[in-house]
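Chemist: Protein sequences appear in the order of chains A and B.
This note's numbering puts the first residue of the first sequence at 1, with every later residue one more than the last.
This note's numbering puts the first residue of the second sequence at 1, with every later residue one more than the last.
What the hints contain is simulated information worked out from the structure, not anything from laboratory work.
Among the clues, some could well be false.
With a straight-line Cα cutoff of 25 angstroms, these simulated DSS-like cross-link-like pairs (lysine-lysine) come out [stated by the list, open to error]: (1) K52(A) - K249(B); (2) K121(A) - K205(A); (3) K256(A) - K121(A); (4) K137(B) - K14(A); (5) K52(A) - K75(B); (6) K14(A) - K249(B); (7) K52(A) - K14(A); (8) K125(A) - K256(A); (9) K52(A) - K125(A); (10) K52(A) - K205(A).
Label pairs and their computed distance ranges (CB to CB) [unchecked claim]: (11) G218(A) - L18(B): 34 to 42 angstroms; (12) E244(B) - E261(A): 56 to 64 angstroms; (13) D154(B) - I192(A): 31 to 39 angstroms.
Just so you have them, the derived chain A footprint on chain B, three or more residues with Cβ under 8 angstroms [stated by the list, open to error]: (14) 31-42; (15) 51-58.
Glycine included, each C-beta is placed from N, C-alpha and C at the ideal position.
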Amino acid sequence: MNLAVEIGGGLVSKGLYMEARDGCPTPRIAETPSGLLNAIGLQGVGVRAFVKDVLPRLARFDTVVLINVCGDTVDEYAEVTRVLDDAPGVHGLEINISCPNVKKGGMAFGGDPVMTHEVIKAVRKATRLPVIPKLSPNVGDITVFARAAEDAGADALSCINTLLGLAVDVEARRPRLAFGTGGLSGPAIRPIAVRMAWQAARAVKIPVIGIGGISSAGDALEFLIAGCRAVQIGTANFVDPGLYDRILGELAAYLKRHGLEDVNQVVGTLQYPGVT
Amino acid sequence: MAGMPANRHVLLVSREALGGPYHLLTFRHREAAREARAGQFVMIKAGASPEPPLRRPFSILTVDPEHETFTLFVKAVGQGSRALCSMREGERAQCLGPLGRTFTPPGEGTEAVMVAGGYGIAPFRLFSEELRQAGRKGRVFYGGRTASDLQLSDRFEPLGVSLVPATEDGSLGQRGRVTVPLEAYLDAGPGPVRLYACGPDAMLHAVARLGESRGLTTEVSLDPWMGCGIGTCLGCVVSVQRREEPKPKYRCACTEGPVFDAAAVVWAGEEGSAARRAAGSPR
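Next comes chain B alone, as it looks inside the complex (with noise of 0.2 angstroms):
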């Protein structure tokens, strides 16, 4: 079909153990390194192997288009992302991708704040430097259980974009919910900001309140069960409701997102906001 991505098996070409379950995994795959944008994810499983049967959405890094890799910042949790994690250099995965809408760049002027929970950080990296190289500016707040949660987090400055830490243990940076150093952040009376999100449900669904609340217009990166990756099984659909739409409707987060505007996210427990916003309410 047109525009049918393509199905590679791509070679592992580095693993990096980070500690604990987190691992950086760099693959190589010319068009991915070339193409991929922030936001952007891949369906990959390791091997050949029939179990477990489906693949797994991992969001992209980084790409080097220099050595045609991309690198995924993979947290090993379940039988997929075991297997992928235990993987040796020189072994290959099957790739699809890349797949998925990007996040919206700021507009100039504009600051690009980036809410990350956990290895919800992984598209602020390729996201970082865009905007280095479209000369925004931008900043991180990484939230987490506990310091070992925050992987990757010197890896920001060196991009020119500063990253708060916070961890609901105090372990590293201030101690409470990402979203406390966020509000403060935003009290404080910054420039014109652009909110965007990835992480846990409960923390997406804080930050677009925040955003809402503040008239700041909020993208987030959702993640549900994903199947094919490719708008076929309709199994990682999310309620959506657009602006001009008169009542939400189910949509793909493989075609249609992962990244979504917050404001039109039908959020659990909370169905009937997106159709007050839509009848016109401020926002």
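So here's chain A without its partners, still in its complex pose (with noise of 0.2 angstroms):
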């Protein structure tokens, strides 16, 4: 696996679709206590412009870097896939089943098991990098959602996408966003974020990556205590794009004030009460 966090490093891009997305209306982002809620819907260029015009640039960077696929059908799934496994400069891709912020597809897939792993296998098919659904938070048992994943050939999981919400302007008596609800990120939703990761974690054997809410290294070293082998940050990189220096800064200072030389060594070290 080459997941980022053991060779330094990675970006995931946003969702692409084979077609250029206009997304939503706006507004498209309220904020909310620790937290923004988003209907951004998957606004894009299409996978064919970004393979022409953004990953050139991406590869400039030496990192990891994974691509969001997204879908209205299966079979859309495994041609954006398709696109990507013949790019170069694509280290992996992350399967968006969880977008709450599109009429179709996205949730369809990620709010049903049988269809999970319907669009997995599809997608494992169609391709031989690495495959990370990233599951949705939106459903009642996460474990059922990662052993689909995993038995249709997930190579990791990203958990967890972001959370349903609801924000009134109590004023106009409408949603705060033009397309009603949206996904809520940040601060707010990280012990869920956690607790689901955590979960997941221990129902498949393949890594897990935590998303949720993540701004300093204390908030990343939850996850990795819970059990996963990676971290992603979305929302904090919009209120401080240089957070990445001051996380490793204080990550390597955690790691020398517990005698430890490896972030890894803290993975799955979370001493949950009764469980041995």
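Combine the two chains into a complex, taking the hints into account.
Modeler: Laid out in structure tokens, this is it:
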């Protein structure tokens, strides 16, 4: 596995379909307590334009590049995957089966374990690149979806996508977002994200990437200790674009303080009451 | 990433309460003081507190390269702006910038007619300085609900820019909307004019229509909800259709704006108008 943390960092693209998409009307974002509610709706240039115009720019950086794959149908997921399988400079595919802000696709696949299995199996057949489904928190039991993805041939799991939310403008008595509902991210969701990533990591043998409200080394360590092998940071980039230097410094200080040489030594070391 | 604006912890060197919710905040920031141009903004938040999560965009009012400072005109209306306005001198804010596209200066012999609504006056102080340095003429039409909304109106005459106030309650200047004296001025047949507007969307739309009806190039500075300021979150997009484009496209106000050609903006309730202009009807 070429997972980001193991070779010193990486980036994940925004979701890509075959064709360009306009995304949602505005307003698209609303600030909520310790969080950000968004309905961007996967605005993007389409996978072919991305491969032609954006990938070469990303290849200039010495980093792992994971591309987030979307589709309205199982066939579209497979088709986007095939385009990326042939593209230079792609190290892995994150499969977006959990976007709450599109009318079809997205959650339709991530909210039904049979569909999760079907779409991941189709993507698996279409590529030799690492396949990393991004799971939704908007389900009752994430372990069912984690196992379905693993059974279908996933190499790792991203946990979690945003939580479905609704913010209301009480003066206008309308949703604050033009789309209506949105996906909640930021520190507000972190305890939920850590819990779900922990549940998923216990349910499968493949690595889990922890996502949700990370903006410090302490936040990242919560996920790692809970069993994640890597983490992603999203919303905090919007708040502090210089956060990686700070977090890596904090992480090094933590390891030193605990007499550890490698961050992997903390992975899965959570001393959970009643679990041996 | 190349061209990535620097994130700075900037010192508040002076804070001036102007009355009511209005404040002038001056921060030390060498690059912004030297490089910022009219129309640009910073994304800024007070202190290191995680709440509220996001920075807020503010136009740069003035710069002082000698003292390495820039000044913001801030109306405390929400959590982010209130936190900024309650900072004490010597405290720090997190600042990203200067960001965004500048106003296009008028050509020689063309007058810059600026139209401001409320705190939309902010970018026009620096613009007026740039006009003076370039030897261009400028004039400001400044509207608000009432006299106290028309802050800083005495800071333009010293730059040789005359300012025409208008208030909806008649407490300062002409009674009514700012577009009334603006239209009268344009009717009086000044020389070549280029329009620039910053303020509430309804005012911008009205100025855009006025500019279009008279064949004047109009630039508007838009102020949508903004998340990151660097083109990443795609939260602040504006529907824009340029002449050569077959359909409108969402563009980030932070990186492709905040200043846009008014004729290309697809205004709410007027979808299709930019398409008609793009198709070659008179503008």
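Chemist: Please go over all the hints and tell whether each is borne out by the structure.
Modeler: Hints versus structure:
1. Restraint check: the Cα-Cα separation between K52(A) and K249(B) comes to about 20 angstroms, which is no more than 25 angstroms; the hinted pair holds.
2. Of the pairs offered as hints, the one joining K121(A) and K205(A) holds, with about 17 angstroms between alpha carbons and a cut-off of 25 angstroms not exceeded.
3. Straight-line distance between C-alpha atoms of K256(A) and K121(A) comes to about 42 angstroms, which puts the hinted pair past the 25 angstroms bound.
4. Note on K137(B) and K14(A): the hinted pairing is violated, with a Cα-Cα distance of about 46 angstroms set against a maximum of 25 angstroms.
5. Simply put, K52(A) and K75(B) have alpha-carbon atoms about 44 angstroms apart, too far for the 25 angstroms limit, and the pair is violated.
6. Distance hint between K14(A) and K249(B) is fulfilled; the C-alpha atoms sit about 18 angstroms from each other, no more than 25 angstroms.
7. Pair hint K52(A) plus K14(A) holds up; C-alpha atoms about 16 angstroms apart against a cutoff of 25 angstroms.
8. Taking the CA atoms of K125(A) and K256(A), the gap is near 43 angstroms; set against the 25 angstroms cutoff, the hint is violated.
9. Distance check on the hinted pair: K52(A) and K125(A) sit about 24 angstroms apart at the alpha-carbon level, within 25 angstroms; holds.
10. About 36 angstroms separates the Cα atoms of K52(A) and K205(A), which puts this hinted pair outside 25 angstroms; it is violated.
11. Under the hint 34 to 42 angstroms, the C-beta atoms of G218(A) and L18(B), about 41 angstroms apart, fit the expected range.
12. Distance hint for E244(B) and E261(A): a CB-CB separation of about 58 angstroms, consistent with the stated range 56 to 64 angstroms.
13. The beta-carbon spacing between D154(B) and I192(A), approximately 53 angstroms, falls outside the hinted interval of 31 to 39 angstroms.
14. Residues of the region 31-42 of chain B with a Cβ under 8 angstroms from some Cβ of chain A number 0, which does not satisfy the need for three, so the listed coverage is violated.
15. With 5 residues carrying a beta carbon less than 8 angstroms from a beta carbon of chain A, the region 51-58 of chain B meets the three-residue requirement, and the given coverage holds.
Hint violations for this structure: numbers 3, 4, 5, 8, 10, 13 and 14, all remaining hints satisfied.
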